[in-house]
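On the provided structure of chain P, position chains A and V as indicated by the hints.
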Amino acid sequence: MNLTWFEKLVGKENVSDEIIDKEIYSTDGSQIKGRTDKVTWVTETKQVHQIVLYARRIKKSVVPRGAGTSLVGSVIPFDSIIVDFTKMNKIESIAKDHVIVQPGVILKDLNKALKNKFFPIIPENSSVHTIGGMCGINSSSIYEKRFGKMKNWVQEVEMIDGNGRLKKYGPEVIGTEGILGLITKIKLKITDKIHEKSMDLLKFNKIEELVEKVASLKNNKEAIAIEYINPTASELMDLEKKHYLIIEYIDLEGEIKDNKEIERIWNIKKTAFAKIASQEFTIMEDPYIPIYNMAEFLYWLEEKGIPCFGPIGISVLHPCFKDRESIQELNETVKKLNGNLGAKFGIGLLKKEALNETTKQELIRLKQEFDPSKILNTGKVI
Amino acid sequence: MAFLKSKKFLYFPGCVVTSVLPEISENYELIFNKLNLDIYRISQNICCGSIAHSNGYTKDFENLKERATEIFLNSPIKNIVTNSSNCLWTLATKYGFKVQHVTQLLAKFKDKLPVMYDEEVSYYDAPDLKIHDAPREVLQAIGFDIIELEKNIICGAEGGMIQNVPQLSIKLAKEVFNMCNTKKLIVADPLAYYHLKKNSPKNIQVLELSEVFNR
Amino acid sequence: MADIDKCILCGLCRQDSSLLKITGKETVTSRGKAILIKKGILDKIFFIDPMNDITVAHCPTNVEITEEIRKQREKMVEHGMETKPNRRMIENLRDFGNPYGEQKKQEIKEVFS
Numbered sequence: 110m111n112l113t114w115f116e117k118l119v120g121k122e123n124v125s126d127e128i129i130d131k132e133i134y135s136t137d138g139s140q141i142k143g144r145t146d147k148v149t150w151v152t153e154t155k156q157v158h159q160i161v162l163y164a165r166r167i168k169k170s171v172v173p174r175g176a177g178t179s180l181v182g183s184v185i186p187f188d189s190i191i192v193d194f195t196k197m198n199k200i201e202s203i204a205k206d207h208v209i210v211q212p213g214v215i216l217k218d219l220n221k222a223l224k225n226k227f228f229p230i231i232p233e234n235s236s237v238h239t240i241g242g243m244c245g246i247n248s249s250s251i252y253e254k255r256f257g258k259m260k261n262w263v264q265e266v267e268m269i270d271g272n273g274r275l276k277k278y279g280p281e282v283i284g285t286e287g288i289l290g291l292i293t294k295i296k297l298k299i300t301d302k303i304h305e306k307s308m309d310l311l312k313f314n315k316i317e318e319l320v321e322k323v324a325s326l327k328n329n330k331e332a333i334a335i336e337y338i339n340p341t342a343s344e345l346m347d348l349e350k351k352h353y354l355i356i357e358y359i360d361l362e363g364e365i366k367d368n369k370e371i372e373r374i375w376n377i378k379k380t381a382f383a384k385i386a387s388q389e390f391t392i393m394e395d396p397y398i399p400i401y402n403m404a405e406f407l408y409w410l411e412e413k414g415i416p417c418f419g420p421i422g423i424s425v426l427h428p429c430f431k432d433r434e435s436i437q438e439l440n441e442t443v444k445k446l447n448g449n450l451g452a453k454f455g456i457g458l459l460k461k462e463a464l465n466e467t468t469k470q471e472l473i474r475l476k477q478e479f480d481p482s483k484i485l486n487t488g489k490v491i
Numbered sequence: 002m003a004f005l006k007s008k009k010f011l012y013f014p015g016c017v018v019t020s021v022l023p024e025i026s027e028n029y030e031l032i033f034n035k036l037n038l039d040i041y042r043i044s045q046n047i048c049c050g051s052i053a054h055s056n057g058y059t060k061d062f063e064n065l066k067e068r069a070t071e072i073f074l075n076s077p078i079k080n081i082v083t084n085s086s087n088c089l090w091t092l093a094t095k096y097g098f099k100v101q102h103v104t105q106l107l108a109k110f111k112d113k114l115p116v117m118y119d120e121e122v123s124y125y126d127a128p129d130l131k132i133h134d135a136p137r138e139v140l141q142a143i144g145f146d147i148i149e150l151e152k153n154i155i156c157g158a159e160g161g162m163i164q165n166v167p168q169l170s171i172k173l174a175k176e177v178f179n180m181c182n183t184k185k186l187i188v189a190d191p192l193a194y195y196h197l198k199k200n201s202p203k204n205i206q207v208l209e210l211s212e213v214f215n216r
Numbered sequence: 005m006a007d008i009d010k011c012i013l014c015g016l017c018r019q020d021s022s023l024l025k026i027t028g029k030e031t032v033t034s035r036g037k038a039i040l041i042k043k044g045i046l047d048k049i050f051f052i053d054p055m056n057d058i059t060v061a062h063c064p065t066n067v068e069i070t071e072e073i074r075k076q077r078e079k080m081v082e083h084g085m086e087t088k089p090n091r092r093m094i095e096n097l098r099d100f101g102n103p104y105g106e107q108k109k110q111e112i113k114e115v116f117s
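Protein chains in written order, with the working numbering: chain P, 110 to 491; chain A, 2 to 216; chain V, 5 to 117.
Next comes chain P alone, as it looks inside the complex (with noise of 0.2 angstroms):
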């Protein structure tokens, strides 16, 4: 393919048919490995728009990319021109309501500048999730019981067909991967920030006694978020061997009112899959688990010896485990308690069971108006 056109629309240190960059940028966080054709790293609208219509023409793939962090395998290339928007990062107005950024910039940074309000949609690694990123599969937040996933924040997104249409949508193109389009703006709603917070912090034998707790906290509004850690995990992280809830309030009903003491108890949580990891359990898992069998699923993670931790709040857990052929008897657990695979992580390539025949029925159909030419993150969910 024409290296020129690319340097004549992004400038030449924005291409690379490099060897280092496509082998770089050919995997992901699933550690799956794809191909790469060239990557480009965009920094405005218009270079995005050219290279859909170019790639169009050309019948060549096109690979959105954020930070790259896609445990599913969401942005593995397939002979693909992997379009990086880490350069595309400005937060280009802030209002009292909303703010329209672009997709590359990180959800940490865009927290700090937005001072006296605040973006709730929060996962585990702020600090690495891009806006974009977060689009494409929907994220999740350790506040999702109280302010839901990225979907409910999400007001108007600029967007980028396969037919190299650029329109502005709603909501409705938030968790699709990539697979419709490239998202090159997006504006979202904010909220106050949380300026009173409490926490509890709890430790259980009994897993039925902390499944019940779990349960009596659902109609409770002001918890927001409820974090599980279970005693296979809690002896990796060099903790007391127990089953663990920290339940974050945005009121003073917690016992623990020092926000020192809130964000340290949140540091050793957050440093959960590091500890686990570190012993090999390098493989994490997200399946949502209804409440009514949530005690089985805990018996049958303590049964196998499973690290586990997450926010149960929501029903959805991260067991961790040494290599994927372990993930099978998982799945079929999942499946026989009626819950749900790829609750949090996406569908990419490695999670296509988790979706369901209905939806899998409509991504086909929008897949064939939005971008016929299959040209847009090819291979990946449907």
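Honestly, the hints are just simulated from the structure, not real lab data.
With a straight-line Cα cutoff of 27 angstroms, these simulated BS3-like cross-link-like pairs (lysine-lysine) come out:
hint: 1; chain 1: V; residue 1: Lys48; chain 2: A; residue 2: Lys199
hint: 2; chain 1: P; residue 1: Lys121; chain 2: P; residue 2: Lys168
hint: 3; chain 1: P; residue 1: Lys196; chain 2: A; residue 2: Lys172
hint: 4; chain 1: P; residue 1: Lys431; chain 2: V; residue 2: Lys42
hint: 5; chain 1: P; residue 1: Lys121; chain 2: A; residue 2: Lys172
hint: 6; chain 1: V; residue 1: Lys79; chain 2: P; residue 2: Lys131
hint: 7; chain 1: P; residue 1: Lys384; chain 2: V; residue 2: Lys10
hint: 8; chain 1: P; residue 1: Lys147; chain 2: V; residue 2: Lys48
hint: 9; chain 1: A; residue 1: Lys185; chain 2: A; residue 2: Lys109
hint: 10; chain 1: P; residue 1: Lys199; chain 2: P; residue 2: Lys302
hint: 11; chain 1: A; residue 1: Lys175; chain 2: P; residue 2: Lys224
hint: 12; chain 1: V; residue 1: Lys75; chain 2: A; residue 2: Lys95
hint: 13; chain 1: V; residue 1: Lys25; chain 2: P; residue 2: Lys121
Computed from a predicted model, the values in this text were never measured in an experiment.
For chains A and V alone, coordinates are given in the frame of chain P:
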């Protein structure tokens, strides 16, 4: 360099100070003198080899280490004090010597340091130095109020970038100044000091820590 | 397991990476370099690194990426792939025991790290 009085500390400034910034070692020797510290300098021209090691010249490092070890072991003083972050950690971890940074030595005498300022400054933590408290104790002892930089980032001089990618290393230096809201930025690592001073904006004065004593 | 095999490509090292902030490119990150090391690719990108552990503070599997990059530099030296400035530095060190040779302060145009 001649040795001064009885030999309690072996002052080993490192190559950047010795060759590029000799005035820094002169500053520190004056300070040590005023504190009645006994400082010894090795007369031979030696390099600890950290620069060879980090850039992949392992055999050269081994040769340099062999020569330097002999000279250090033959010196009458075993307590080494240095300016350079790289010398500090190389001598401590690869040679197994007892080493401290100049700021750590000065901090031990912080109660004897004169109060000379009533002013806000920022302090740049060179990531290679990894010593947080001592330089701050020294600066606070002489009257500075430290306004902390938002985070600990590289300045661009590290890891060979200053010579291998000079334009990029300058851009990295600018990131440090973007965080600085005071008129003075104090630096205690000579390489970081050299690079930041060379690339400082007009409104920020970069000072090596010893320079604040030149009042 | 080789230390580099501990890298799970999570991307958490992108946090606080000044090199990433300036260039916008995954290529300069610790993860990017880890991918090349796993593939056995030698490239001058290994000389574009601060050789300290700022971004590695976020690494969940504690990969000693600085040492891994240093080993790559060693291999590159063995293959004659060092940079020209580094060549100048090491020749001074070999001839004079000092990276700046016999230059006086005012003669030094190039500082090395």
